[in-house]
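Join the two chains, each given in its own frame, into one complex according to the hints.
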Amino acid sequence: MAAIPVEHGLMLAGVLFALGLLGVLVRRNIIFMLLSIEIMLNSAGLAFVVAGSRWRQPDGQVMFIFILAMAAAEVSVGLALAMQTYHILKTLDSDAAGSMKG
Amino acid sequence: MNDLFYISAAVAVISTVMVITKLNAVHALLYLIISLLAIAMVFFSLGAPFVAALEVIIYAGAIMVLFVFAIMMLNIGPEYAELERKYLGPAAWMGPVILAGILIVELLFAFSRGGGRAAGAGVVGPKQTGIALFGPYLVGVELASMLLLSGLIGAYHLGRRDSKRDGEQGRRVS
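First to last, the sequence lines map onto chains A and B.
Heads up: the first sequence runs through residues 1 to 102, numbered per the numbering used here.
Heads up: the second sequence runs through residues 1 to 174, numbered per the numbering used here.
So that you can see chain B by itself, here it is in the shape it has in the complex (with noise of 0.2 angstroms):
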């Protein structure tokens, strides 16, 4: 398990450098998503299986989801279908299925190993972490709740684009 965790380290070393140096967004994004599934290795080999499922489901998931739809909202036209051809060249996505390659060859390593088993340290399961969420930190997590309401609201508010704000702009601009 020792070396799960340094070869899925330096996975997701190695992905987020490509992140903040490529120049295109959708091949950025597609290297954040192995580094976060990098990390939610890490976690899995630290003991903590239920915070790397939910780091695959909600990060890798849910708010990649997120920024792939603003990248297509931004790239909103006629030449973008061109575009879209050149994104996902062969050049673009062998360097992410390489990384993804060796994270399930670890992945299926780790099973053939004998399950969910983690490193010295002990498993943490979901049973306590729930325990632990609805326990002592009950507050937390309707805090969490009204920010999660709160940032709805917000992008809500800010995502609209009605008539007449529109026409303020124009005259405002003009």
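Next comes chain A alone, as it looks inside the complex (with noise of 0.2 angstroms):
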């Protein structure tokens, strides 16, 4: 049986990386930016393990533990700072904390 071909699951890890990044670029709810830096970030784990697995060595799967152990770090403070937000500004809107004070 053939192997898949690398350019394969490198095009589907670009697929879902601009899909993330569209996700981030268009909805303003903070909640739906953060889902969308955690498709943008596992899309890019997708790419190192296509990547280790096109050349049999585990250095990939290493690459995308240390991308899980990130993510699962970020999305802790990103989810605190959201709620922060909530409290403080009464809205999930991005745009509503636009602006800078002094």
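Note that these hints are calculated values from the structure, not bench results.
Take these hints with a grain of salt, some might be off.
Claimed, not checked - Partner residues are not named here, just some residues of chain A that face chain B (Cβ under 10 angstroms, in silico): (1) L22; (2) E38; (3) A96.
A virtual CB, placed ideally from N, CA and C, is assigned to each residue, including glycine.
Listed below in structure tokens is the structure:
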């Protein structure tokens, strides 16, 4: 059985990354922006795993585990920031936090 | 196994499009969970079963539960019970259920065809990954642990609401 071409895996990662980027650019709800960031991180990890499986090395999977740890830390801080924004501004619209004080 | 890759890739792309187009956060979360499960299936068909398991356990399990908790905490109120009843009507969960059904059929098909063998490229199992993780990448593991600790402290600090700070904010607003 033939192997999956590495281009197709990378294409899938690129499409998912573009969708996540589109989500960040289009949506104005902070929760949705965090979800789109998760999609982008996940597609970057997918690219690592595809490359690792192409050369049969475990390095791609190791990189994916690091991305996983980073995503977990990022999402906990990001959600705490979103809750704080909601309590201060009473909205989840990111445009409401568009201006700085001072 | 090649067909499994392409079908689950299609499921991943479709559900990701639904994530960024749905207006309701809970519906988007349902589709995002399906997307992560589909990508786990992609990992499995690429010969990375350990990472596929981690994707299901940590991404679809832990991180998505965090999102669900945050959304539920942002919507506290008496009107929320009515809203929650509206969230999960049949129209809302039918799409994710269909996509998840496709993934289950794929998984059963893969197991009926002889276990965890992947397509041509060969399997890189948990043993090799673990040896690499705790061999040349040991410094990275330590850095990841420090990153997680700082994430924990940061989330605790940002999520804390003590009375002193609330009073200060009230004064600043008034």
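Does the CB of A96(A) sit less than 10 angstroms away from some CB of chain B?
-> With a closest approach of 14 angstroms, the A96(A) hint is violated.
Minimum beta-carbon distance criterion (10 angstroms), L22(A) to chain B | Hint holds; L22(A) Cβ to chain B Cβ min 6 angstroms, cut 10 angstroms.
Restraint check, 10 angstroms cut-off on beta carbons, for E38(A) near chain B | Nearest chain B Cβ about 7 angstroms off; hint holds.
In terms of the numbered hints stated before, the structure departs from hint 3 and from no other.
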